[in-house]
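Trainee: For the record, the sequence lines run as chains A and B.
Quick note on our numbering: the first sequence kicks off at 1 and runs consecutively.
Quick note on our numbering: the second sequence kicks off at 1 and runs consecutively.
Calculated directly from the structure, the hints in this document are not laboratory data.
Glycine included, C-beta positions come from ideal geometry on N, C-alpha and C.
Any given hint could turn out to be false.
Here are the simulated DSS-like cross-link-like pairs (lysine-lysine), alpha carbons at most 30 Å apart as the crow flies [claimed, not checked]:
1. B:9 x A:71
2. A:59 x B:101
3. A:55 x B:101
4. A:57 x B:9
5. A:59 x B:57
6. B:44 x A:71
7. B:101 x A:3
8. A:63 x B:101
9. B:14 x A:71
10. B:57 x A:63
11. B:14 x A:3
12. A:55 x B:57
Partial list, derived from the structure: chain B residues whose beta carbon lies under 7 Å from chain A [stated by the list, open to error]:
13. 10
14. 14
15. 16
16. 42
17. 43
18. 104
19. 105
20. 106
Listed below, chain by chain, are the residues.
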Amino acid sequence: SQKIEQNSEALNIQEGKTATLTCNYTNYSPAYLQWYRQDPGRGPVFLLLIRENEKEKRKERLKVTFDTTLKQSLFHITASQPADSATYLCALATTGFQKLVFGTGTRLLVSP
Amino acid sequence: NAGVTQTPKFRILKIGQSMTLQCTQDMNHNYMYWYRQDPGMGLKLIYYSVGAGITDKGEVPNGYNVSRSTTEDFPLRLELAAPSQTSVYFCASSYGTEDEKLFFGSGTQLSVL
Numbered sequence: 001s002q003k004i005e006q007n008s009e010a011l012n013i014q015e016g017k018t019a020t021l022t023c024n025y026t027n028y029s030p031a032y033l034q035w036y037r038q039d040p041g042r043g044p045v046f047l048l049l050i051r052e053n054e055k056e057k058r059k060e061r062l063k064v065t066f067d068t069t070l071k072q073s074l075f076h077i078t079a080s081q082p083a084d085s086a087t088y089l090c091a092l093a094t095t096g097f098q099k100l101v102f103g104t105g106t107r108l109l110v111s112p
Numbered sequence: 001n002a003g004v005t006q007t008p009k010f011r012i013l014k015i016g017q018s019m020t021l022q023c024t025q026d027m028n029h030n031y032m033y034w035y036r037q038d039p040g041m042g043l044k045l046i047y048y049s050v051g052a053g054i055t056d057k058g059e060v061p062n063g064y065n066v067s068r069s070t071t072e073d074f075p076l077r078l079e080l081a082a083p084s085q086t087s088v089y090f091c092a093s094s095y096g097t098e099d100e101k102l103f104f105g106s107g108t109q110l111s112v113l
């Protein structure tokens, strides 16, 4: 069966460190993968998109990698800040109409 | 720009009641979506629309209905509410080009008791 898996346990890190979140998938051939941030009581907000033919994408302190052999995407936040504390969702779509399929999300807690 | 606006923010229904969740967007987006989010679960697609007059089922459509009479509005109708429909509902929109990002509303928290 098709699955998208993100670590359900919260990730606790100290301010200034690099946070790394994982998104694994099985039985999908995604054309691209997106990452969203979700704060409590709010809707998800788009952060980054990476296509199947891209290895890495960066935006300010954020970096996403995409390994189609391992069927995995890694999401990095460098120099993390308490304001980065939130739940991060990965979502993927196959070619054609983009019915995004979302993972369950990983909660990140950055302590001062 | 207000973006995607959902109303109400909270609602409690009794089993068997009906209601409509409202969603409107002011970005002239062609595509609109309804998702539900349950604790510990990913967002599940209920229905989507690629333009006015066109709707289609997503992953979990049972117990819901939608309509899309205008580009701006995409209401979600719950008929005969059941406890299994207790969830947080999110409306989203996008331009509809491939790999386009979604813009989400702030959600409606619905409890069916």
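Trainee: If you draw a straight line from the CA of residue 59 of chain A to the CA of residue 101 of chain B, is it 30 Å or shorter?
Mentor: Roughly 15 Å separates the two Cα atoms, so the pair holds.
Trainee: Next item in the hint list is residue 16 of chain B. Is there a CB on chain A closer than 7 Å to its CB?
Mentor: Check failed: Cβ of residue 16 of chain B comes no nearer than 28 Å to chain A, outside 7 Å.
Trainee: Sort out whether residue 3 of chain A lies within 30 Å of residue 14 of chain B, counting only the CA atoms.
Mentor: Given pair residue 14 of chain B, residue 3 of chain A is violated - Cα atoms ~34 Å apart, limit 30 Å.
Trainee: Return the status of the interface hint for residue 14 of chain B: holds when the least beta-carbon distance to chain A is below 7 Å, violated otherwise.
Mentor: violated, 24 Å
Trainee: For the hint on residue 42 of chain B, just tell me whether its beta-carbon gets within less than 7 Å of chain A.
Mentor: holds, 4 Å
Trainee: Is residue 55 of chain A close enough to residue 101 of chain B, meaning Cα to Cα at most 30 Å?
Mentor: Status holds; Cα separation ~19 Å.
Trainee: Tell me if the straight-line CA distance from residue 9 of chain B to residue 71 of chain A falls inside 30 Å.
Mentor: violated, 37 Å
Trainee: Against chain A, is residue 105 of chain B within 7 Å by beta-carbon distance?
Mentor: holds, 5 Å
Trainee: Keeping to a limit of 30 Å between CA atoms, is the pair of residue 44 of chain B and residue 71 of chain A held or broken?
Mentor: holds, 21 Å
Trainee: Verify the proposed pairing of residue 57 of chain A with residue 9 of chain B, using a straight-line Cα cut of 30 Å.
Mentor: The hint is violated at about 35 Å.
Trainee: Between the alpha carbons of residue 55 of chain A and residue 57 of chain B, is the straight-line distance 30 Å or under?
Mentor: violated, 33 Å
Trainee: Would the pair residue 63 of chain A and residue 101 of chain B pass a check requiring their Cα atoms to be no farther apart than 30 Å?
Mentor: holds, 17 Å
Going through the hint list in order, the structure does not satisfy hints 1, 4, 5, 9, 10, 11, 12, 13, 14 and 15.
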